[in-house]
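K.L.:
Here is what each chain is made of, one letter per residue.
There are 4 protein chains.
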Amino acid sequence: MDLLQLGSYSFTSRLILGTGKFSNAKVMLEAVRASGTQLVTVALRRFNREQLEDDLFGPLKELSGITLMPNTSGASTAAEAVRAAHIARELSGSPFIKVEIHPNPQHLMPDPIETYEAARILAKDGFLVMPYISADPVLAKRLEDVGCASVMPLGSAIGSGQGLATAEMLNIIIRESGIPVIVDAGLRSPSEAAAAMEMGCAAVLVNSAVAVASNPPQMAEAFAGAVVAGRKGFNAGLMQKSGSAIATSPLTSFLGAKA
Amino acid sequence: MDLLQLGSYSFTSRLILGTGKFSNAKVMLEAVRASGTQLVTVALRRFNREQLEDDLFGPLKELSGITLMPNTSGASTAAEAVRAAHIARELSGSPFIKVEIHPNPQHLMPDPIETYEAARILAKDGFLVMPYISADPVLAKRLEDVGCASVMPLGSAIGSGQGLATAEMLNIIIRESGIPVIVDAGLRSPSEAAAAMEMGCAAVLVNSAVAVASNPPQMAEAFAGAVVAGRKGFNAGLMQKSGSAIATSPLTSFLGAKA
Amino acid sequence: MDLLQLGSYSFTSRLILGTGKFSNAKVMLEAVRASGTQLVTVALRRFNREQLEDDLFGPLKELSGITLMPNTSGASTAAEAVRAAHIARELSGSPFIKVEIHPNPQHLMPDPIETYEAARILAKDGFLVMPYISADPVLAKRLEDVGCASVMPLGSAIGSGQGLATAEMLNIIIRESGIPVIVDAGLRSPSEAAAAMEMGCAAVLVNSAVAVASNPPQMAEAFAGAVVAGRKGFNAGLMQKSGSAIATSPLTSFLGAKA
Amino acid sequence: MDLLQLGSYSFTSRLILGTGKFSNAKVMLEAVRASGTQLVTVALRRFNREQLEDDLFGPLKELSGITLMPNTSGASTAAEAVRAAHIARELSGSPFIKVEIHPNPQHLMPDPIETYEAARILAKDGFLVMPYISADPVLAKRLEDVGCASVMPLGSAIGSGQGLATAEMLNIIIRESGIPVIVDAGLRSPSEAAAAMEMGCAAVLVNSAVAVASNPPQMAEAFAGAVVAGRKGFNAGLMQKSGSAIATSPLTSFLGAKA
Numbered sequence: 001m002d003l004l005q006l007g008s009y010s011f012t013s014r015l016i017l018g019t020g021k022f023s024n025a026k027v028m029l030e031a032v033r034a035s036g037t038q039l040v041t042v043a044l045r046r047f048n049r050e051q052l053e054d055d056l057f058g059p060l061k062e063l064s065g066i067t068l069m070p071n072t073s074g075a076s077t078a079a080e081a082v083r084a085a086h087i088a089r090e091l092s093g094s095p096f097i098k099v100e101i102h103p104n105p106q107h108l109m110p111d112p113i114e115t116y117e118a119a120r121i122l123a124k125d126g127f128l129v130m131p132y133i134s135a136d137p138v139l140a141k142r143l144e145d146v147g148c149a150s151v152m153p154l155g156s157a158i159g160s161g162q163g164l165a166t167a168e169m170l171n172i173i174i175r176e177s178g179i180p181v182i183v184d185a186g187l188r189s190p191s192e193a194a195a196a197m198e199m200g201c202a203a204v205l206v207n208s209a210v211a212v213a214s215n216p217p218q219m220a221e222a223f224a225g226a227v228v229a230g231r232k233g234f235n236a237g238l239m240q241k242s243g244s245a246i247a248t249s250p251l252t253s254f255l256g257a258k259a
Numbered sequence: 001m002d003l004l005q006l007g008s009y010s011f012t013s014r015l016i017l018g019t020g021k022f023s024n025a026k027v028m029l030e031a032v033r034a035s036g037t038q039l040v041t042v043a044l045r046r047f048n049r050e051q052l053e054d055d056l057f058g059p060l061k062e063l064s065g066i067t068l069m070p071n072t073s074g075a076s077t078a079a080e081a082v083r084a085a086h087i088a089r090e091l092s093g094s095p096f097i098k099v100e101i102h103p104n105p106q107h108l109m110p111d112p113i114e115t116y117e118a119a120r121i122l123a124k125d126g127f128l129v130m131p132y133i134s135a136d137p138v139l140a141k142r143l144e145d146v147g148c149a150s151v152m153p154l155g156s157a158i159g160s161g162q163g164l165a166t167a168e169m170l171n172i173i174i175r176e177s178g179i180p181v182i183v184d185a186g187l188r189s190p191s192e193a194a195a196a197m198e199m200g201c202a203a204v205l206v207n208s209a210v211a212v213a214s215n216p217p218q219m220a221e222a223f224a225g226a227v228v229a230g231r232k233g234f235n236a237g238l239m240q241k242s243g244s245a246i247a248t249s250p251l252t253s254f255l256g257a258k259a
Numbered sequence: 001m002d003l004l005q006l007g008s009y010s011f012t013s014r015l016i017l018g019t020g021k022f023s024n025a026k027v028m029l030e031a032v033r034a035s036g037t038q039l040v041t042v043a044l045r046r047f048n049r050e051q052l053e054d055d056l057f058g059p060l061k062e063l064s065g066i067t068l069m070p071n072t073s074g075a076s077t078a079a080e081a082v083r084a085a086h087i088a089r090e091l092s093g094s095p096f097i098k099v100e101i102h103p104n105p106q107h108l109m110p111d112p113i114e115t116y117e118a119a120r121i122l123a124k125d126g127f128l129v130m131p132y133i134s135a136d137p138v139l140a141k142r143l144e145d146v147g148c149a150s151v152m153p154l155g156s157a158i159g160s161g162q163g164l165a166t167a168e169m170l171n172i173i174i175r176e177s178g179i180p181v182i183v184d185a186g187l188r189s190p191s192e193a194a195a196a197m198e199m200g201c202a203a204v205l206v207n208s209a210v211a212v213a214s215n216p217p218q219m220a221e222a223f224a225g226a227v228v229a230g231r232k233g234f235n236a237g238l239m240q241k242s243g244s245a246i247a248t249s250p251l252t253s254f255l256g257a258k259a
Numbered sequence: 001m002d003l004l005q006l007g008s009y010s011f012t013s014r015l016i017l018g019t020g021k022f023s024n025a026k027v028m029l030e031a032v033r034a035s036g037t038q039l040v041t042v043a044l045r046r047f048n049r050e051q052l053e054d055d056l057f058g059p060l061k062e063l064s065g066i067t068l069m070p071n072t073s074g075a076s077t078a079a080e081a082v083r084a085a086h087i088a089r090e091l092s093g094s095p096f097i098k099v100e101i102h103p104n105p106q107h108l109m110p111d112p113i114e115t116y117e118a119a120r121i122l123a124k125d126g127f128l129v130m131p132y133i134s135a136d137p138v139l140a141k142r143l144e145d146v147g148c149a150s151v152m153p154l155g156s157a158i159g160s161g162q163g164l165a166t167a168e169m170l171n172i173i174i175r176e177s178g179i180p181v182i183v184d185a186g187l188r189s190p191s192e193a194a195a196a197m198e199m200g201c202a203a204v205l206v207n208s209a210v211a212v213a214s215n216p217p218q219m220a221e222a223f224a225g226a227v228v229a230g231r232k233g234f235n236a237g238l239m240q241k242s243g244s245a246i247a248t249s250p251l252t253s254f255l256g257a258k259a
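Chains as they are written, first to last, in my numbering: chain S, 1 to 259; chain D, 1 to 259; chain R, 1 to 259; chain V, 1 to 259.
Chain S on its own, in the form it takes in the complex:
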């Protein structure tokens, strides 16, 4: 069977969902269910034991078949991310940690130096480390070398909807990687998720595109279908691109032949 393997965990779904930016928790939960996802990321801040209206952890753990992947969003140094990861593991019980370290709230681009440092430490600490990174082939390889469970290069800036703007670099990362490559951030439409799968990504993470759609649960379904279709296309062996047209229909002068 064609499974997504992360550490000793395996998943049939290759769509990972983020939980930010939904209008409310009810819509978020409906989208999660509609997506068929089995892995959901939540910012540590949303594990809120005091302000219940802001708490996402409570509702999410009610869902069956969902593994939580806390993320360190909000951290701007390795030390903060490491500390956040330990708190998150304690609260959630999940071995997964999505390392997000972005010093600049304007664009939320990841910091390669701090991310590498945090990932190295957390992998040693036994986490299944899933680092959010630039589409940087050498960084991806180094994160594999220190024991990460996957790499999560961005397609484009978080929330920008610019899709697979980094495709050229993603192709190199995928070609070289010995661990799953998961496109995280920037996807706007189901077709882009399908395209990521066709390139050979192991999974995609989507958040804004579902959360801000007119109809989030329906969009979640659309992404789920697109990821399956893209993966199926990848497995079925895509045709080569060609510079010049090749006939698909016979060109012989059938009219003469019929006369």
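Please note: incorrect hints may appear among the correct ones.
For identical chains, the list gives no copy identity; a pair is met inside one copy or between any two copies.
The calculated lysine to aspartate or glutamate pairs, modelled on DMTMM-like cross-linking and capped at a C-alpha distance of 25 Å, are [said to hold, decoys possible]: (1) Lys21 to Asp125; (2) Lys141 to Glu176; (3) Lys26 to Asp55; (4) Lys26 to Glu80; (5) Lys124 to Asp2; (6) Lys124 to Glu90; (7) Lys141 to Asp2; (8) Lys124 to Glu176; (9) Lys241 to Glu176; (10) Lys124 to Asp145.
Quick caveat, the hints were computed from the structure, so don't treat them as lab data.
As the structure is a prediction and not an experimental result, all values here were calculated from the model.
Use these hints to put chains D, R and V onto chain S, whose structure you have.
P.N.:
Structure of chains D, R and V alone, referenced to chain S:
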């Protein structure tokens, strides 16, 4: 229900399949079945009453739930196409005719002058005319005005696998068209079919991408899923693209808050 | 010498300028001069003998070294364009006519049927016909066959600044054409003009990009330089694209060698 | 005057040339002269005191008006790069050092961790540090913070000719950077160099595209012209892109008016 309407015919599937370039008729039929398509195009030349090994019409009419759409591939003038259309209607009993007039076998690009002329005549003759055209907004509008059932602009050159290279023009055609716009030619991968649907195309026609895949029936399934996903995404209201990143996760200093 | 040949006319400059949308005639004339262009297109309407403030013909004919190319902008049928062409020739004395027939003021896309008809007639009438067309390879070839002096396919919609959105089709047109191919419409920046030249275009026509720039004469200069650079690059033999990196610097362990 | 400022050095030319991959030193020198460049990068290995046929330093220092920028190509760790930089300074007398650390000879992608470390050390050591990096906005900012004279993000893989594949990220880097941003690697054609300048890059570095052209000196000239044109376009204020066409010529029915 969200149906593809062509004349008085309606279809639940928005994937149209071509029948050229398959390694043999058996694989072609498996792909047709796997795709769930309800509309299949066949070159008139393949309605072969004498050379049975070359006949596609016989096997195709055995399939239930399939409407045949003969095409005039091989014609290089309006007169040839009109004549081919009448022969095709007689042989197949189908009211559909895909008008393909391409003088140059190197790239199979359609001739706008001859295509317009043939479409005008055939629409008057009561055909459901489906013209294969360049992504030309004015030509598309004129073909609507003379009574075509749809327009079928190319995404890129037939068999080239260059995808939606004409996207900029397709967007204008879709915005203005009062009849279904169906991307025909050039699609290489399921994601491109999904992208066409997200743009607002009513359907896509695929041939080479399925026929020359390593596993044509599986690829047919992948395209079928992608078309459904793309349409669902279109209906669910895609997010807007943005020039700069917007946070998807809370950025407040959760660590401090937890302390 | 590397000249642009149109009929029996030859030009050293490969930049053609349009005269619409400038804030005033003075800025337009400065931009024309700064561009070094030798061929300028003017809408027939601007040959204005009565409303002098709207007249462009007067000032333009003062410029030395400039050939005027009237255009039929505003025509929506072949008959209107043919009539306009004859009036324009009488007024301007120029043998050039840029055939522009666009029925829809929303996007100014050219009408292939009417354009073909007008071009056919005007070529017989001895004009140097320069038709503005969609990037349609078969139409381009047919216009060559009826005696046009060039074809002028659009890069993208007039005034849209979407650049070479039709590049895939332009490449086919250029490969097949026996007459100069001139990209007309859609160019936004000097780099796009250079890219058109590198593809093998014989010239580019620019209007909005210069007219609405913050500094039109400086932008005209920039386009002039880019066209020369792009042509020079084309002639100098561009490197091939490659899927994988190739070293540009020696990789041997120089440190060891130095020790 | 519009100068490229690097530390206390200023340059009128914004084209930096690499010296690898030329067929021989004579062609390289002709290309350098034809390009009008004032800054040339040379791998330390080519400062060869023993194998004179492999020596580039000798011939280059004969050229007037050229500043040498040694590079550390071949280094795969920060320590190697730092050591190479010191040797290079001693040999060349140049304060510039282009930090190139790429562990993988397959694609020569830069290592962000080692590059950051080397740059930090070399900036403290008084070098004008020019680091070759992925198009990573946070890394670029951190390199600025440790005192680099510029950042040199790649457009695409070295020698790949894939152009500005990282444009989306380059835009963010340029928007945020307080030091010159110089696109290094991947450019294939003059138009791409112009496009980089139009985006707001301070300069471009080109090597393969010139070295492997059919006519390297002519291609060097083409790049020089394109860089000037792109910069001029940037300064002249480019028009905005638009989703829909805007008329450039008057549309009033001039024929009626003329009657």
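K.L.:
Each of the hints needs a verdict: does it hold here or not?
P.N.:
Checked hints:
| no. | hint | result |
| --- | --- | --- |
| 1 | Lys21 to Asp125 | neither (31 Å within a copy, 46 Å between copies) |
| 2 | Lys141 to Glu176 | within (8 Å within a copy, 27 Å between copies) |
| 3 | Lys26 to Asp55 | within (12 Å within a copy, 56 Å between copies) |
| 4 | Lys26 to Glu80 | neither (30 Å within a copy, 56 Å between copies) |
| 5 | Lys124 to Asp2 | neither (29 Å within a copy, 52 Å between copies) |
| 6 | Lys124 to Glu90 | within (17 Å within a copy, 42 Å between copies) |
| 7 | Lys141 to Asp2 | within (24 Å within a copy, 41 Å between copies) |
| 8 | Lys124 to Glu176 | within (23 Å within a copy, 35 Å between copies) |
| 9 | Lys241 to Glu176 | both (22 Å within a copy, 21 Å between copies) |
| 10 | Lys124 to Asp145 | within (12 Å within a copy, 30 Å between copies) |
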